[in-house]
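For reference, the chains in residue letters:
Number of protein chains: 2
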Amino acid sequence: MAMAVVRPQIVLLGDSITEQSFRRGGWGAALADSYSRKADIVVRGYGGYNTRWALLLLHHLWPIPFAGTAPAAVTIFFGANDAALLGRQSEKQHVPLPEYKHNLRQIVSHFKQMSPSILVLLIAPPPVDEDGREQYAKSLYGDKARKLPERTNEVTGTYARQCVELAQEMQIPCIDVWTVMQQTEGWQKLFLRDGLHLTEEGNAVVHSEVLRALNGAGLAAEEMQLDFPHHSAIDGAHPEKAFQSQGCSSSGNVDAFCPEIASNHI
Amino acid sequence: MAMAVVRPQIVLLGDSITEQSFRRGGWGAALADSYSRKADIVVRGYGGYNTRWALLLLHHLWPIPFAGTAPAAVTIFFGANDAALLGRQSEKQHVPLPEYKHNLRQIVSHFKQMSPSILVLLIAPPPVDEDGREQYAKSLYGDKARKLPERTNEVTGTYARQCVELAQEMQIPCIDVWTVMQQTEGWQKLFLRDGLHLTEEGNAVVHSEVLRALNGAGLAAEEMQLDFPHHSAIDGAHPEKAFQSQGCSSSGNVDAFCPEIASNHI
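Sequence order for the protein chains is A and B.
Residue 249 in the UniProt record's numbering is what sits at position 249 of the first sequence, and the numbering runs on without skipping anything.
Residue 117 in the UniProt record's numbering is what sits at position 117 of the second sequence, and the numbering runs on without skipping anything.
Read the hints as simulated data drawn from the structure, not as lab findings.
The reader is advised that the hints may include incorrect statements.
Identical copies carry no separate label here, and so any pair may be met within one copy or between two of them.
To be verified - Here are the simulated DSBU-like pairs of lysine-lysine, each with C-alpha atoms no more than 30 Å apart in a straight line:
{"hint": "1", "residue 1": "112", "residue 2": "147"}
{"hint": "2", "residue 1": "92", "residue 2": "241"}
{"hint": "3", "residue 1": "138", "residue 2": "112"}
{"hint": "4", "residue 1": "138", "residue 2": "241"}
{"hint": "5", "residue 1": "241", "residue 2": "189"}
{"hint": "6", "residue 1": "112", "residue 2": "189"}
{"hint": "7", "residue 1": "241", "residue 2": "112"}
{"hint": "8", "residue 1": "92", "residue 2": "138"}
{"hint": "9", "residue 1": "144", "residue 2": "112"}
{"hint": "10", "residue 1": "144", "residue 2": "189"}
Bear in mind the structure is a predicted one, so any value in this text is a computation, not a measurement.
Chain A on its own, in the form it takes in the complex:
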């Protein structure tokens, strides 16, 4: 990347639900705010992608051996497209259930191979509101809209369970968005804006669950140092002092600036 920085990176890898996470009220942007001056949130969301296609770009983005500093954490959020049904409008995106789990395992292994200390967080796909999908298709295509659903909540649930199961097998954290969302009455319209993608409320659920998982895995923003002094710690008459106070020279050696972050999280 282009800058010498002291901040660790948290990468968001996924499909459109990740790609769109910087829209108004999006979970990615909210995460960037939660980790303000602590970590960089790097969005790598690819609308329409399934795990099979994700595997094709993985080696481009993170070749192994990896020359740079590996991210501190990565969220892997696929399944909504893999679960598209065969013989329906979105069948191009379909990935068979066993292959979905296999691909996810490959993706996780890739990151672990790149950096044994990286925190890998799996996120299972959200539930599907079939009525919402149908209304959305009609709003776009009217009478020409597809008659049969391209996704069902039940099938997507089988993908979510494989994701949860894989996390258990690999002993990594997982957020079961499919189950979590359905625990709230009216989840269909409250959390999903077109039966598949998230409303602001749905984004808030993902944001809060990701925060909780990162906190639980030792990457809480509250425990991370600011990259530079808080303005209240700066002496107006001698501002340079605050910039030297953490054992840091002003020689441009950024690793020395916040040694705790550099050693723990990068």
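Based on these hints, arrange chain B on the given structure of chain A.
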């Protein structure tokens, strides 16, 4: 930075108005969405900072000579704190007007020295709603709130003019947020939530002005390539083809993936 990426970077350097730009409706998050899959938005906002303090961190973040790939663009958005009045509550942040301009020039020169082709975009501070500031102070401190304003719109305006003037002298683009916002009736409460920081509407003004400036300087998102194929370009039966179609091997050589972006914008 930690990843091998093909996306150019757009850095947002500034004070709290930049630091908070990933909150709900924030201009930084909106920019990340506008450049989705085209560029990475890197936020480097430091609440309370003035140009004097910014100079103290510049060499830490972007040492010269710079070892990595320089950002494609940087927005420099200071002045709201430099314009704090002497002898008032926020006087620690005050920077004399001539020094503000001098410091800004140093910051711009630093980036130009790092990379002659970098697009440097100056942003002048927003106007100040003195009544809004007073109400905000009273909401926090009641009768103990400061009696005299710590900033005035008139004084901040003199800083904005120096910023605009410097941009003309250095022949770089500038957004005069101070002037632009005051062209809308009711700007005081419409664009500012506490007399100083931006509402969602205020963020939308900055977002749209930054987009316009980037477009005008040859960095329009519409003209930049996606980092990987759009899902509609992927053949379900032979997905690997789309990942090889731009003269790219699958060898992990990311620079070869999107040669136009690599040569024009990084």
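Status of the hints after comparison with the structure:
1. Taking the closest pair of Cα atoms, residue 112 and residue 147 never come within 30 Å of each other, the shortest separation being 43 Å inside a single copy and 58 Å across copies.
2. In this assembly of identical chains, the alpha carbons of residue 92 and residue 241 lie at most 30 Å apart only when taken from different copies (15 Å versus 60 Å within one copy).
3. For the identical chains of this complex, residue 138 and residue 112 are neighbours neither inside a copy (43 Å) nor across copies (52 Å), given an alpha-carbon limit of 30 Å.
4. In the homo-oligomer, the alpha carbons of residue 138 and residue 241 never lie at most 30 Å apart, since the shortest distance is 63 Å inside one protomer and 33 Å across protomers.
5. In this assembly of identical chains, residue 241 and residue 189 lie within 30 Å of each other by CA distance neither inside one copy nor across copies; the values are 54 Å within and 38 Å between.
6. Within a single copy, residue 112 and residue 189 get their C-alpha atoms no closer than 37 Å, and across copies no closer than 50 Å, so neither meets the 30 Å cut-off.
7. When the C-alpha separation of residue 241 and residue 112 is checked against a cutoff of 30 Å, the pair qualifies only between copies, where the shortest distance is 27 Å, while the shortest distance within a copy is 40 Å.
8. Only within a single protomer do residue 92 and residue 138 lie at most 30 Å apart by alpha-carbon distance; the minimum there is 21 Å, versus 60 Å between protomers.
9. In this homomeric assembly, residue 144 and residue 112 never come within 30 Å of each other (Cα to Cα): the closest approach is 46 Å inside a single copy and 55 Å across copies.
10. In this assembly of identical chains, residue 144 and residue 189 lie within 30 Å of each other by CA distance solely inside one copy; the values are 24 Å within and 47 Å between copies.
In the structure shown, a violation is registered for the earlier hints numbered 1, 3, 4, 5, 6, 9, in ascending order.
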